[in-house]
Each structure stands twice: as structure tokens, then as C-alpha cells.
Amino acid sequence: MDFIFKPFPWYVSGVLIGAVMLLLIYMGKNFGMSSNLRTLCSVMGGGKYAGFFRFDWKTQRWNLMVVAGAMIGGYITVHFLSDGSGVNINPDTIEQLARLNIDAPEGKLLPDAIFGMENAWTPKGLLILLGGGFLVGFGARYAGGCTSGHAISGISNLQLPSLIAVIGFFIGGLIMSHYILPLIF
Amino acid sequence: MKYIKFLLVGIFFGIVLTKSEAVSWYRIYEMFFFQSFHMYGIIMVAIGTGIIGIQFFKRRKIKNTDGETISIPDKEKGITRYLAGGILFGLGWALAGACPGPMYILFGAGFWSMGLVILGALAGTFVYGLLQKRLPH
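Each protein sequence line maps, in turn, to chains P and A. Taking numbering that gives the first Met the number 0, the leading residue of the first sequence gets 0, the next gets one more, and so forth. Taking numbering that gives the first Met the number 0, the leading residue of the second sequence gets 0, the next gets one more, and so forth.
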């Protein structure tokens, strides 16, 4: 049972993520995490400001349940199913991060330099967290999907628009990590 | 009660994504520097699994749990919205190191600063909703 406390290898993870998508399709739904953001805007009364949020959000309750479950799953894994060994990334990556003053994993999932509370509540921290979130939320709706909806679901269904979106994800990601992150740190 | 199965799928998804380390900012950073095969392996195997499964559903005309034959609507044709939206998404993905699934998963796991990322994402979604009609798609 030791494997349950270790990170899953990529080939196991890939099959299981694919299985989640297939399971949701089999249940008559679809695999898309970012559409919940639109649903939540609608729940909070966004319909007063834009037609985009005027839809029957109750039809999306199932997806909010998936989100609630995902949060529980994250809690269970971090608190009960981890051996605390942390993310085993490439030593070159760690060295590169050190030059940006970003701390090494050493048993953590996220760097304290960005997600530690003392760093989150600084102008730089807020810019990264709120700004990063804003781009993800805006971009996902503009593109009509995120990693789950386009990269996994769309490409699995051989959709050219999803491939274009994923190429966009990588263009944006490469620009950010290679050219903009070094300016911020 | 009919929602319990979705809660269970969500729990499974949360466990798998955390176990896969795809929720880790470090893994996303490493991916964008091509310093590990890990994330590419996950994405490619997930897509491979998905292609096989969807082809199976379609060719065997499998019915879903509602009793309807499974059919997945095609994405609308277009380039601008997918490329422009995709690039903006990618900028945020590499900055916050989290796409929407991991945001929720990590927040649930107790990484409270992820709440700021979720707030940002809600704001981004809201602003998109306001500007939708004026943006080229």
C-alpha cells in the first residue's frame, strides 16, 4: 500500500485524468473546470450586468459538486495521502529558481516566495496571485475552455479549435516563464 | 442525492491531480522550461486515454447514464478567440502556476493564498462577460 503515499507516475496520472473525463461524459456531462467560474459569477448576480451570466445556473449544479469534491480530494491527499517528500523537480530547475530567489520544493507543493502568506499580501504577491488568476479566468472564457476543456477534452475529441487554444496556452506560458517572470522576480 | 456521484468524481479528480503533482507551481514552471517530461507525459497519456475512450463511445453508440446515445458537440470554428484567449490563459497559467482545477484543489487543501487566485479568476471571468460582445471572436 506504500504507493498510495507516493506521487503517481505520469502514465498512471494520465490514464486516471483521462478516466475522469470519460466518466463525466458517460454520466451525460463534460469535463470542464473553468466554466464553474462563469456559474459562480451567475450565482452571485452577474446576470444584472451582462447577458453572458444570464442562464439557468442550476443546470450546472453538478459541476459545482465536482468542484466541491475536488477541494475535498485535495484536502484528503495533502493531509492523509502524502509522505511529505514534495515535488521531485529537475535540479537544473531548482538552480534556476534559486537565481530568481524562489525557494526549492523541499517537501512543498508550492513556493513560499509566491504563496506564503507573508509574501501573498505584498503588492508583488497580490499582482501575481490576483493578476495570474485574472488572466486565467479571462483567457479561459475567451478561449471557451481551459486545460480540462480544451487540452484534455477537446483534443481527445479531435477538435482543431482546441488544438489552437492549447498552442495559445503554450505561447502565453512560454512568454510568461521565459520573459516576464524574470522581470517580476 | 443524485449529485453524490459528481461529488465522488470530484474527490477522485482532486486526489488524482494532487498525486500527479499537476497542481504544483513547480511542475508548471519546469514544464515551460522543458526540464522534465512529467507534465507532457501526463497530458499525452490523458489525451491518448481520452481518444480511445471517446472513439469507443462513438463507434459502439454507447448510451450514457441518462439513457441517451453519447454525442459530444463540436467546438465552434474560429481562430481569434482560441489563440488570443489561449495566450492570455497561458500567461496566467505560468504566472499563478495553476489552471482552474488546481486552484480549487489547492484551496481545499488549505493553501489559502489560492483564494486570491480564485478571486482574480472570478474577476477575469466577470470582465470577459462584460466585454464579450466587443471582443473579436
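Keep in mind the hints are simulated off the structure, nothing from the lab. Backbone N, C-alpha and C define an ideal beta-carbon position, used for all residues, glycine too. Heads up, some of the hints might be wrong.
The calculated label-pair distances, taken between Cβ atoms and stated as ranges, are [as the list claims (entries may be wrong)]:
hint, chain 1, residue 1, chain 2, residue 2, range
1, A, Y39, P, G115, 46 to 52 angstroms
2, A, E75, P, A97, 41 to 47 angstroms
3, P, P122, A, Y39, 43 to 49 angstroms
4, A, L134, P, D1, 49 to 55 angstroms
5, P, A97, A, Y39, 22 to 28 angstroms
6, P, P181, A, T64, 28 to 34 angstroms
7, A, Y2, P, L125, 31 to 37 angstroms
43 to 49 angstroms was suggested as the range; check whether the CB atoms of P122 (chain P) and Y39 (chain A) agree with it.
35 angstroms Cβ-Cβ, so the 43 to 49 angstroms window is violated.
Evaluate the given range 49 to 55 angstroms for the C-beta pair formed by L134 (chain A) and D1 (chain P).
This hint holds: roughly 51 angstroms between Cβ atoms.
Within 46 to 52 angstroms: is that where the Cβ-Cβ distance between Y39 (chain A) and G115 (chain P) falls?
29 angstroms, violated
Do the Cβ positions of Y2 (chain A) and L125 (chain P) conform to the proposed distance bound of 31 to 37 angstroms?
The hint (31 to 37 angstroms, Cβ to Cβ) holds, given that Y2 (chain A) and L125 (chain P) are roughly 35 angstroms apart.
If I claimed the Cβ atoms of P181 (chain P) and T64 (chain A) lie 28 to 34 angstroms apart, would that claim hold in this structure?
Distance hint for P181 (chain P), T64 (chain A) is violated at roughly 49 angstroms.
Is the distance from the Cβ of A97 (chain P) to the Cβ of Y39 (chain A) consistent with 22 to 28 angstroms?
24 angstroms, holds
41 to 47 angstroms as the expected CB spacing between A97 (chain P) and E75 (chain A), which holds or is violated
45 angstroms, holds
The structure fails hints 1, 3, 6 (numbered hints given earlier, in ascending order).
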